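For chain A, the structure is supplied; the task is to place chain B on it using the hints.
Just so you know, the protein sequences line up as chains A and B, in that order.
Quick note, in the working numbering, the first sequence goes up one by one and the last residue is 119.
Quick note, in the working numbering, the second sequence goes up one by one and the last residue is 110.
Bear in mind the hints are in silico, worked out from the structure with no lab data behind them.
Please read these numbers as outputs of a predicted model, since none were measured by experiment.
Computed list of chain B residues with no C-beta within reach of chain A, every gap over 12 Å:
1. 10
2. 15
3. 25
4. 69
5. 108
6. 110
Once the Cα atoms are required to be at most 30 Å apart in a straight line, the calculated DSS-like pairs of lysine-lysine come out as:
7. 77(A) - 66(A)
8. 59(A) - 73(A)
9. 46(B) - 5(A)
10. 46(B) - 79(A)
11. 46(B) - 59(A)
12. 77(A) - 5(A)
13. 67(B) - 59(A)
14. 46(B) - 77(A)
15. 46(B) - 73(A)
16. 66(A) - 46(B)
17. 46(B) - 106(B)
18. 106(B) - 5(A)
Using N, Cα and C, we set each Cβ at its ideal position, and we do this for glycine too.
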Amino acid sequence: QITLKESGPTLVKPTQTLTLTCTFSGFSLSTSGMGVGWIRQPPGEALEWLALIYWDDDKRYSPSLKSRLTITKDTSKNKVVLTVTTMDPVDTATYYCVHLSGTHVMDVWGQGTTVTVSS
Amino acid sequence: QSVLTQPPSASGTPGQRVTISCSGSRSNIGSNSVNWYQQLPGTAPKLLIYSNSLRPSGVPDRFSGSKSGTSVSLAISGLQSEDEADYYCAAWDDSLNGYVFGTGTKVTVL
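Just chain A, same shape as in the assembly (with noise of 0.2 Å):
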């Protein structure tokens, strides 16, 4: 059984720099097709996707938000780690990871996590 659950500050201030924890469990990440993405949604708003990275290092960003973010992995602990810089209120939102099987479908997601950024 696949889960997924995120982990990260609750309230991060403008400017700052949000670092967000995706653990899983149920598959390997070292294992060829298998993939973590990311997803936020702003409250009353819709899913939104940042990025994702693959099995082989394969990463892809949000072409909107590329240069504030960045995500990496570490097989052995399975995790993965979402930075997003220079936060902004407008990036309040609940953060979802999720599990990407076959061709880019997010087959399992995590609880998420809510972010709020204010002062």
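Chain B in isolation, oriented as in the chain A frame:
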């Protein structure tokens, strides 16, 4: 920032059939498979349909997906109260080299 367009809302009475559309372009829906996600109130999204029309294990066959050109549709037949949720389409976009979601549709069971 949604690239895929969905109607903001849809509704029906129990037992009715409801259809949700999702419109994109050649670089996303026109070139790649589409997935649908269901988000029940206060919960994380859940994969509902993948590869345009396939249902993951455990998803009732009341849910079906179809694709035509640069548009896809999600149909819910025999609408039930527990189907009240937000629904999102999503696909890879070759031009953006990234994943794009739809604007989302809120389904209400009257």
